[in-house]
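Number of protein chains: 2
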Amino acid sequence: MHTSVDAHAAHVRSLLVFDLGSESIPLEAALGRTTARTTTSPVDLPLFRNSQMDGFAVRALDLEVSTTLPIVGEISARAAAPEPLVPGTTVRIMTGAVVPPGADAIVPVEDATVTGDFVTIARARRSGEYVRDRGSDVFVGDDLVLGGQCLAARHLAVLAATGLAEVEVVRRVRVAVITTGSEVRPPGTEVVPGQVYDANQVALVAAAHATGARVTLIRHVDDEPAQLLAVLDEAVGVADVILTSGGISKGDYEVVRELLEPRGAKVEHLAMQPGGPQATAVFEGVPVICFPGNPVSTQLSFEAFVAPILREHAGLPARREGFRTLTSKLTSVSGKRQFLRARLGENDTVEVSSGPGSHLVAGLAAADALVVVPEAVTSLAAGEMVEVWEL
Amino acid sequence: MHTSVDAHAAHVRSLLVFDLGSESIPLEAALGRTTARTTTSPVDLPLFRNSQMDGFAVRALDLEVSTTLPIVGEISARAAAPEPLVPGTTVRIMTGAVVPPGADAIVPVEDATVTGDFVTIARARRSGEYVRDRGSDVFVGDDLVLGGQCLAARHLAVLAATGLAEVEVVRRVRVAVITTGSEVRPPGTEVVPGQVYDANQVALVAAAHATGARVTLIRHVDDEPAQLLAVLDEAVGVADVILTSGGISKGDYEVVRELLEPRGAKVEHLAMQPGGPQATAVFEGVPVICFPGNPVSTQLSFEAFVAPILREHAGLPARREGFRTLTSKLTSVSGKRQFLRARLGENDTVEVSSGPGSHLVAGLAAADALVVVPEAVTSLAAGEMVEVWEL
Numbered sequence: 117m118h119t120s121v122d123a124h125a126a127h128v129r130s131l132l133v134f135d136l137g138s139e140s141i142p143l144e145a146a147l148g149r150t151t152a153r154t155t156t157s158p159v160d161l162p163l164f165r166n167s168q169m170d171g172f173a174v175r176a177l178d179l180e181v182s183t184t185l186p187i188v189g190e191i192s193a194r195a196a197a198p199e200p201l202v203p204g205t206t207v208r209i210m211t212g213a214v215v216p217p218g219a220d221a222i223v224p225v226e227d228a229t230v231t232g233d234f235v236t237i238a239r240a241r242r243s244g245e246y247v248r249d250r251g252s253d254v255f256v257g258d259d260l261v262l263g264g265q266c267l268a269a270r271h272l273a274v275l276a277a278t279g280l281a282e283v284e285v286v287r288r289v290r291v292a293v294i295t296t297g298s299e300v301r302p303p304g305t306e307v308v309p310g311q312v313y314d315a316n317q318v319a320l321v322a323a324a325h326a327t328g329a330r331v332t333l334i335r336h337v338d339d340e341p342a343q344l345l346a347v348l349d350e351a352v353g354v355a356d357v358i359l360t361s362g363g364i365s366k367g368d369y370e371v372v373r374e375l376l377e378p379r380g381a382k383v384e385h386l387a388m389q390p391g392g393p394q395a396t397a398v399f400e401g402v403p404v405i406c407f408p409g410n411p412v413s414t415q416l417s418f419e420a421f422v423a424p425i426l427r428e429h430a431g432l433p434a435r436r437e438g439f440r441t442l443t444s445k446l447t448s449v450s451g452k453r454q455f456l457r458a459r460l461g462e463n464d465t466v467e468v469s470s471g472p473g474s475h476l477v478a479g480l481a482a483a484d485a486l487v488v489v490p491e492a493v494t495s496l497a498a499g500e501m502v503e504v505w506e507l
Numbered sequence: 117m118h119t120s121v122d123a124h125a126a127h128v129r130s131l132l133v134f135d136l137g138s139e140s141i142p143l144e145a146a147l148g149r150t151t152a153r154t155t156t157s158p159v160d161l162p163l164f165r166n167s168q169m170d171g172f173a174v175r176a177l178d179l180e181v182s183t184t185l186p187i188v189g190e191i192s193a194r195a196a197a198p199e200p201l202v203p204g205t206t207v208r209i210m211t212g213a214v215v216p217p218g219a220d221a222i223v224p225v226e227d228a229t230v231t232g233d234f235v236t237i238a239r240a241r242r243s244g245e246y247v248r249d250r251g252s253d254v255f256v257g258d259d260l261v262l263g264g265q266c267l268a269a270r271h272l273a274v275l276a277a278t279g280l281a282e283v284e285v286v287r288r289v290r291v292a293v294i295t296t297g298s299e300v301r302p303p304g305t306e307v308v309p310g311q312v313y314d315a316n317q318v319a320l321v322a323a324a325h326a327t328g329a330r331v332t333l334i335r336h337v338d339d340e341p342a343q344l345l346a347v348l349d350e351a352v353g354v355a356d357v358i359l360t361s362g363g364i365s366k367g368d369y370e371v372v373r374e375l376l377e378p379r380g381a382k383v384e385h386l387a388m389q390p391g392g393p394q395a396t397a398v399f400e401g402v403p404v405i406c407f408p409g410n411p412v413s414t415q416l417s418f419e420a421f422v423a424p425i426l427r428e429h430a431g432l433p434a435r436r437e438g439f440r441t442l443t444s445k446l447t448s449v450s451g452k453r454q455f456l457r458a459r460l461g462e463n464d465t466v467e468v469s470s471g472p473g474s475h476l477v478a479g480l481a482a483a484d485a486l487v488v489v490p491e492a493v494t495s496l497a498a499g500e501m502v503e504v505w506e507l
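Chains as they are written, first to last, in this note's numbering: chain A, 117 to 507; chain B, 117 to 507.
Hints should not be assumed to be uniformly reliable.
Among the chain B residues that face chain A by a calculated CB cut under 10 angstroms, a handful are [stated by the list, open to error]:
1) 263
2) 271
3) 273
4) 334
5) 483
By construction, these hints were calculated from the structure, which means they are not laboratory data. A virtual CB, placed ideally from N, CA and C, is assigned to each residue, including glycine.
Could you put together the complete structure from these sequences and hints?
Rendered as structure tokens:
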């Protein structure tokens with residue numbers, strides 16, 4: 117009797133409950149991070165009543181059809197506290213400059229005719245015209261950016277506009293990635309028959325980054341339980357979750373199983389293809405999620421069981437999922453949930469694009485979607501609807 | 117006569133033509149980068165013929181109904197070059213291990229009954245069963261990852277699986293961000309009336325990052341042409357494009373205009389709200405795109421004129437655009453393309469969520485879309501369709 121995919125997913129979710137807390141970081145470092153709480157404005161925005169145009173500050177009451185006023189001064193965008201406007205006069209004013217007390221409208225320079233020290237304005241003006249009132253965007257205490265918001269440029273801009281230089285964000289989940297197997301060698305080295313390159317390390321590190329997590333430890337260990345134990349000890353201090361690949365099936369030299377099963381690891385065989393063998397453990401309080409070593413199995417297991425949870429913690433949008441029309445028939449193993457590599461087509465179609473083997477790492481790279489075939493289904497005809505996860 | 121938005125966009129595009137070239141970087145650093153060319157496989161994958169299961173390597177010819185074979189050895193996943201299989205015998209084999217010459221099928225351990233040094237296999241086997249042939253995923257010379265691909269975990273995985281440790285990616289566009297204005301102060305400091313906080317610096321830096329560019333210089337300058345000149349000289353050496361905010365309208369103290377107009381800058385007033393004043397220049401061979409200083413104008417100008425081009429260079433997907441149903445009526449200025457801040461609603465609706473003022477930086481932060489109202493349109497009724505850019 118195999119464990120169901122849903123039961124395992126629920127168990128992994130029950131383990132990946134983090135009390136992350138928050139941290140205050142500079143705005144420059146906050147793009148893509150998620151706010152820990154709602155930020156309210158420490159000030160009114162605009163900070164002061166200012167001109168929306170380059171032009172002339174006037175008292176609207178002074179204007180009728182064709183009014184000529186003496187120009188008695190000038191307020192640049194740099195001026196702090198201009199003198200009150202004397203009724204029946206005007207001052208030049210720059211965009212963004214403080215509107216002088218007594219003035220209540222701005223006449224844009226293009227609507228004004230200047231002759232020496234006088235300006236003639238053709239028509240009357242509404243009080244408040246081209247004046248930006250203090251607090252007309254937000255008042256002190258108003259919400260600026262809500263809690264749980266994934267920060268984009270526009271959120272950082274409003275925080276900066278109020279003078280804030282930092283923002284409180286949810287601490288990122290810290291992930292340790294441990295790949296295993298004495299036959300597994302780092303890319304860039306030479307291998308002999310029997311040895312394979314470690315595709316899982318870069319895949320898990322990149323996938324963890326893509327879900328908004330922070331990877332704090334990256335290690336490979338041989339099939340030596342003592343080596344794995346030392347790395348787990350190291351990971352415990354720096355990670356909220358430890359991911360391993362390989363070493364959990366039924367053969368000999370299964371280093372993860374050998375070390376962790378006596379320490380209470382739950383080793384299972386799921387009703388799932390690829391990715392049947394899966395295990396979970398808690399090592400000195402830190403959850404350990406153990407994937408099978410075949411690279412396609414590792415990547416799909418991460419996507420199925422861990423990625424959705426990490427994305428939630430990071431405030432990132434969920435994976436795009438939905439139903440599409442199959443372009444060709446497919447067959448599937450009875451009693452197992454099958455994850456087939458596929459390509460999205462036009463008109464909401466999807467086409468299985470590679471074989472089901474868990475070693476077909478190029479087939480996965482060439483795919484842009486997974487077709488999820490339920491346990492009870494053994495065949496589907498072209499034209500039938502099927503669940504699709506976009507990659 | 118104002119310049120049209122489309123004409124300005126085309127002019128900016130004509131300036132932002134980069135000969136970026138490529139660079140080879142480690143796989144660990146390549147998530148989200150775009151491949152400069154198609155990578156073909158340096159090897160066959162799998163690298164060698166190997167077992168898909170833990171079990172027994174057999175010669176399919178030897179098996180009938182209930183065959184008992186002597187177990188004459190064991191091949192671990194670490195073994196390099198096993199001895200050929202003697203006909204009429206079997207060897208234990210681990211998942212991923214080299215299949216010995218002469219064997220052509222694997223019997224999974226769960227289908228085999230072991231008694232001492234003998235194993236009994238219940239039924240015949242198809243030649244090739246549970247054997248992964250060398251090259252069954254890709255052959256040497258096959259395409260692994262196409263050029264122009266934005267790299268995800270699965271692409272890095274297949275490159276690593278072939279032993280490659282680096283990948284050639286398109287060099288990122290290098291951006292310099294220069295904000296201007298003597299009245300503009302950094303967040304985290306004290307301001308007096310007349311001064312405002314610099315919201316544009318963090319906004320442009322974050323927005324440039326979000327489009328896959330690399331920000332290589334970040335500066336603020338006062339309204340002093342000599343200061344701006346010094347910073348431009350600095351930027352020329354490190355940037356492919358220079359972005360400025362502020363200092364381009366018709367008033368005095370317009371530092372960007374003052375410095376660059378005599379050097380051939382094209383200063384325009386666009387038929388656009390917000391963001392009317394815009395300028396472009398080429399400074400010692402480097403394009404300079406100059407935005408107006410109001411923070412909403414700066415952000416929308418970047419999004420309208422520069423972001424689409426930077427996204428293309430980075431191989432990122434285009435902005436999501438489309439048409440939605442307005443929930444309320446709106447009015448717009450004749451002869452100007454209006455970019456209104458809005459929120460997406462259910463059933464493909466959109467609602468204008470803040471006023472049109474270019475100072476409403478909180479209004480923009482609270483928006484998740486822009487409504488684009490064409491120049492000729494002065495009003496739209498609730499229920500009418502309108503163009504929407506998702507933020």
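Enumerated hints in conflict with the structure, sorted upward: Those not satisfied come down to hint 1.
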